[in-house]
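Top to bottom, those sequences are chains A and B. Numbering-wise (the working numbering), the first sequence opens with residue 1 and increments by one. Numbering-wise (the working numbering), the second sequence opens with residue 1 and increments by one.
Simulated from the structure, these hints should not be mistaken for lab results. Just to be clear, a hint being listed does not mean it is correct.
Computed cross-link-like contacts, DSSO-like style, restricted to lysine-lysine with a CA-CA straight-line distance of at most 27 Å [what the hints assert, rightly or not]:
id	chain 1	residue 1	chain 2	residue 2
1	A	K90	A	K149
2	A	K441	B	K108
3	A	K283	A	K90
4	B	K108	A	K149
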Amino acid sequence: MQRITIDPITRLEGHGKIEIFLDPEGEVAETYFQIPELRGFEQFCVGRPVEEMPILTNRICGVCPEAHHMAAAKAADAVYHVDPPPAAKKLRELLYSAFYVTDHTTHFYALAGPDFIMGPTAPVAERNILGVIHKVGLEIGGNVIQARKYGHTVIEMIGGRKVHPCTSIPGGLTKGITEEQRQEIEKMGRWAVDFAQFSLKLFDDIVLKHSDYLNMILDDAFTHRTYYMGMVDEFNHVNFYDGQISIVDPDGERIGKYIPREYPDWIAEHVEPWTYLKFPYLKKIGWKGLVDGKDSGVYCATPLSRLNAADGMATPLAQEEYERFYVTFLQGESDRYSTTWQGKVVHHHLATHWARLIELLYAAERWVQLATDPEITSDNFHTIPTEKPTEGVGIVEAPRGTLTHHYWTDERGILTRVNLIVGTTNNYARMSMSIKKAAKKLIHGGTVISEGLLNQVEMAFRAYDPCFGCATHALPGQMPLEVVIRDASGHEVERLSQHVK
Amino acid sequence: MRTLILGLGNPILGDDSAGLKVAEIVRRRMAFDPSIEVSEDYAGGLRLMERMIGYDQVIIVDAICTGAHPPGTVLHLNTSDIATQHTSSTHDLNLPTALQLAATMNLKMPERIRIIAIEAENVLEFSEQCSPAVTLALPRAAEAVLAELQ
Chain A
1 MQRITIDPIT RLEGHGKIEI FLDPEGEVAE TYFQIPELRG FEQFCVGRPV
51 EEMPILTNRI CGVCPEAHHM AAAKAADAVY HVDPPPAAKK LRELLYSAFY
101 VTDHTTHFYA LAGPDFIMGP TAPVAERNIL GVIHKVGLEI GGNVIQARKY
151 GHTVIEMIGG RKVHPCTSIP GGLTKGITEE QRQEIEKMGR WAVDFAQFSL
201 KLFDDIVLKH SDYLNMILDD AFTHRTYYMG MVDEFNHVNF YDGQISIVDP
251 DGERIGKYIP REYPDWIAEH VEPWTYLKFP YLKKIGWKGL VDGKDSGVYC
301 ATPLSRLNAA DGMATPLAQE EYERFYVTFL QGESDRYSTT WQGKVVHHHL
351 ATHWARLIEL LYAAERWVQL ATDPEITSDN FHTIPTEKPT EGVGIVEAPR
401 GTLTHHYWTD ERGILTRVNL IVGTTNNYAR MSMSIKKAAK KLIHGGTVIS
451 EGLLNQVEMA FRAYDPCFGC ATHALPGQMP LEVVIRDASG HEVERLSQHV
501 K
Chain B
1 MRTLILGLGN PILGDDSAGL KVAEIVRRRM AFDPSIEVSE DYAGGLRLME
51 RMIGYDQVII VDAICTGAHP PGTVLHLNTS DIATQHTSST HDLNLPTALQ
101 LAATMNLKMP ERIRIIAIEA ENVLEFSEQC SPAVTLALPR AAEAVLAELQ
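One chain only, chain B, in its complex shape:
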């Protein structure tokens, strides 16, 4: 079984980089396993769908702005749930539509896609650092990713 752990985010846009930072923690904590790939990307919609072709399982880690949870809250989502920061784009499709396209085109998509989302506080200001609440949540989000693997 081929698994992809994909951290999404912009490395220079504050809390938007949370997914990338979690992927880095996961990479350091995991024992080498050739069937599991940990990667970073900055993709939404079509590009994200194209990135997942050929894997059996994908775990996406991304920031989210729901406004409904305190910053740093770690959420477990499915693709049909509310869009995270990078599972949508005005210049592309949202993830559910891109996945529907893949199904229509008979592309080999993962049977299981899970999204670990971290409620962000600030995604509009350039910075390489996350806010304190999101920084504290990064190890918890990494745990959540590792738990999804079991």
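This is chain A alone, in the form it adopts within the complex:
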């Protein structure tokens, strides 16, 4: 049996690699995708006061500390059975919207965009933001940096620090904002709305108007018919900060919604002997292995999932884009959904990039909505907890998937147990399926279309925007991939790589 190893994380030996086993005919028999996991966080937290969690968990990961801060704050609210005042919830969501704008902007322009703007067959060295600037213009680079600067400014104004917010506590926030700050935040938000619209226009011009790229999005190699998950408000519109978790089946039908504390009724975790990380799946459907379809409990939690799991967007410009998105992919069938978008679904994984830009526009619009809310400068930003702490669950939508924090404490509020389901973990099963599909398409009779395999795996990864066990700081930005092909006796017969020193 041949064995192929793709190691995207060469500096973490024994972790984060893909192994492909071929049968005697040289066809793909099985693929194994192992990803690194940071260990010991649960033990690290036990014995600490629960109110430390919003500032402790945002250290788990350098990519989305704001998401951990919010999920932890909501879980700590729940532990203390305290409902923060409306102004506190709105300020938290405002900070979170600004964070989404910076995160989605960075992902599109620095990571995902180059595959499309430069083209997936462009030399690897050109597929980065420098290539984008060269092709589209210097102004783009300035706008990306400006979007990030504005986002970080809002995060600092409300969260107290640029990178790791520290103002959320059980019952609300430690501070509010002044009218002067509100005006500045509103101005930056309006700029962000224009920038998001520009980004969607760019995607339109560069991707959607080119049949080659559209065909790539529609390619079966990037298509999985799974369940989808995402947070929705009371109107079933996408919400990143608060609401219920909606789940739709592969036909687009909603099978239910759950509130945070009900997550154990919906989500279970499957263990495989070959990986440290568990595979979350839908408990009510059951684990049937790494397969898609209605009988398999594999689900996905990404920007595309959030659009699929909702019935629309809560802001007008994003709603227009939402409708255009489904009309484009459902083509003749879209008339069925003219009054309500329930029952629609898109399974094309690379459409996630478009979905992410629609979310970028929503986040920017929501930023302005909240910045112009009369309550946002209220002094009433904290409710003092009065009840005995027990147990609580907090959920937010992290940019890369639904993020669940579950804490148990004693009567003093000292943590006795912690459980986290982080964004990327939700997608572990589907990511593994994407790799297998890419391998099956490009490996036949023992022959590997080498460059194609590297590209396909890398593009599939990027659309998930994976945060490997929140250990991403240990990974280089341009994904190094190494494929080692060995014959049955273990001898290396070929080695292919990119970005590997």
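Use these hints to put chain B onto chain A, whose structure you have.
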């Protein structure tokens, strides 16, 4: 001349916190000098580049996992050398690309960037302590930072 000494790391991830701890030692050992700022961050790629705008000289201190040196080895690197723990990110650019972007955008970047890297033993387990080998290396890394200033 404005100098930034920037310790990078995660304070709760074992040896990954080495850069932060070195920055703290440097801060305590240095006489007050308004032209030198000692700071901590947890940034890679774009964020790191943005942090360095406006300085003439930056000395970055970070953990590194090469596997080629014993834990605690102190390395002197340039930005074009192998990435350290925080000079790269899958969700961002690596530092050389971010610096190229800054040059393209005509941003005012430091003329001199040096990286002091400490070979790590364990960056996958949560702890506020470094491993013994890395702990012993922290004063040596701080010396290396101070030597870079002269």
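Checked hints:
A hinted pair counts as satisfied when its Cα atoms are at most 27 Å apart, and K90/A with K149/A qualifies at roughly 21 Å. Of the supplied pair hints, the one linking K441/A and K108/B is violated, its CA atoms being roughly 47 Å apart against a limit of 27 Å. Restraint check for K283/A and K90/A: not satisfied, since their Cα atoms lie roughly 33 Å apart, outside the 27 Å limit. A threshold of 27 Å between alpha carbons decides the hint, and for K108/B with K149/A the separation of about 16 Å falls inside it, so the pair holds.
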